[in-house]
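First residue of the sequence shown: 21, per our numbering; consecutive thereafter.
Mixed in with the good hints there might be a few duds.
Result set (DSSO-like, lysine-lysine): computed pairs, CA atoms no more than 27 Å apart in a straight line [to be verified]: (1) 139 x 103; (2) 26 x 54; (3) 35 x 54; (4) 26 x 41.
Now the in silico label distances, taken between C-beta atoms and shown as ranges [to be verified]: (5) 37 x 111: 39 to 47 Å; (6) 29 x 104: 31 to 39 Å; (7) 40 x 111: 42 to 50 Å; (8) 116 x 28: 22 to 30 Å; (9) 120 x 43: 30 to 38 Å; (10) 35 x 127: 31 to 39 Å; (11) 87 x 127: 46 to 54 Å; (12) 91 x 69: 17 to 25 Å; (13) 37 x 62: 21 to 29 Å; (14) 40 x 135: 42 to 50 Å; (15) 137 x 48: 15 to 23 Å; (16) 137 x 93: 14 to 22 Å; (17) 35 x 133: 31 to 39 Å; (18) 130 x 58: 18 to 26 Å.
Honestly, the hints are just simulated from the structure, not real lab data. Where a beta carbon is used, it is the ideal one built from N, C-alpha and C, also for glycine.
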Amino acid sequence: MNGQFKGMYVDILTKAAERLKPAYTLELQPRPWKRGLADMEFGSAFALFPPGLKRERSYIDHYSVAIYRETVVVFCHEDVLRKPRRNFPRDFADLTIGVNLGFLLSDRLMQASRQGIVKLEAALEAMKMSGEMARIVGDYLH
21 MNGQFKGMYV DILTKAAERL KPAYTLELQP RPWKRGLADM EFGSAFALFP PGLKRERSYI
81 DHYSVAIYRE TVVVFCHEDV LRKPRRNFPR DFADLTIGVN LGFLLSDRLM QASRQGIVKL
141 EAALEAMKMS GEMARIVGDY LH
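All chains should be built: construct the whole structure from the sequences, respecting the hints.
What follows is the structure in structure tokens.
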């Protein structure tokens with residue numbers, strides 16, 4: 021935001037870092053996601069957040085506890101909700117799903133996409149606001 025490194029993860033990890041002092045020093049640095057993954061893979065960074073565990077990223081170890089609990093939800097344009105859509109993925113087959121860059125999708129959603137049941141597209145802020153995307157996948161924080 022406005023050139024500042026802020027957000028929920030930053031706040032939580034900054035508080036955790038304070039509790040680890042003086043035994044450990046934790047420095048949080050903003051990184052584009054792909055550069056952060058490369059830094060992890062080649063050993064020039066110790067950790068990366070937000071964590072997204074994928075088995076093909078063997079250079080990222082399992083973490084001990086979740087930072088917070090989240091539920092993946094789908095936000096729909098009101099016109100989309102005029103037709104009942106209770107059964108996923110069948111009831112969503114005629115829609116395009118906008119996905120935020122770097123968002124970790126569920127296996128169920130990825131399978132529906134591979135089978136051609138649903139269409140996934142990168143969601144740009146302008147498309148979200150204009151209503152061009154019928155649905156957007158996001159987080160609901162508890």
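Status of the hints after comparison with the structure:
1. 139 x 103: Holds - the C-alpha atoms of residue 103 and residue 139 are around 18 Å apart, at most 27 Å.
2. 26 x 54: Between residue 26 and residue 54 the Cα gap is close to 19 Å, so the pair holds against 27 Å.
3. 35 x 54: 26 Å, holds
4. 26 x 41: 21 Å, holds
5. 37 x 111: 39 to 47 Å: At 45 Å between Cβs, range holds.
6. 29 x 104: 31 to 39 Å: Because 36 Å falls inside the window, the suggested range holds.
7. 40 x 111: 42 to 50 Å: Since residue 40 and residue 111 have Cβ atoms about 47 Å apart, the given range 42 to 50 Å holds.
8. 116 x 28: 22 to 30 Å: 28 Å, holds
9. 120 x 43: 30 to 38 Å: Distance hint for residue 120, residue 43 holds at roughly 36 Å.
10. 35 x 127: 31 to 39 Å: The hinted range 31 to 39 Å holds for residue 35 and residue 127, with Cβ atoms some 32 Å apart.
11. 87 x 127: 46 to 54 Å: Distance hint for residue 87, residue 127 is violated at roughly 21 Å.
12. 91 x 69: 17 to 25 Å: 19 Å, holds
13. 37 x 62: 21 to 29 Å: Holds, since residue 37 and residue 62 (Cβ atoms, about 24 Å apart) stay within the stated range.
14. 40 x 135: 42 to 50 Å: 46 Å, holds
15. 137 x 48: 15 to 23 Å: 40 Å, violated
16. 137 x 93: 14 to 22 Å: Distance hint for residue 137, residue 93 holds at roughly 19 Å.
17. 35 x 133: 31 to 39 Å: Given about 37 Å between the Cβ atoms, the range holds.
18. 130 x 58: 18 to 26 Å: 23 Å, holds
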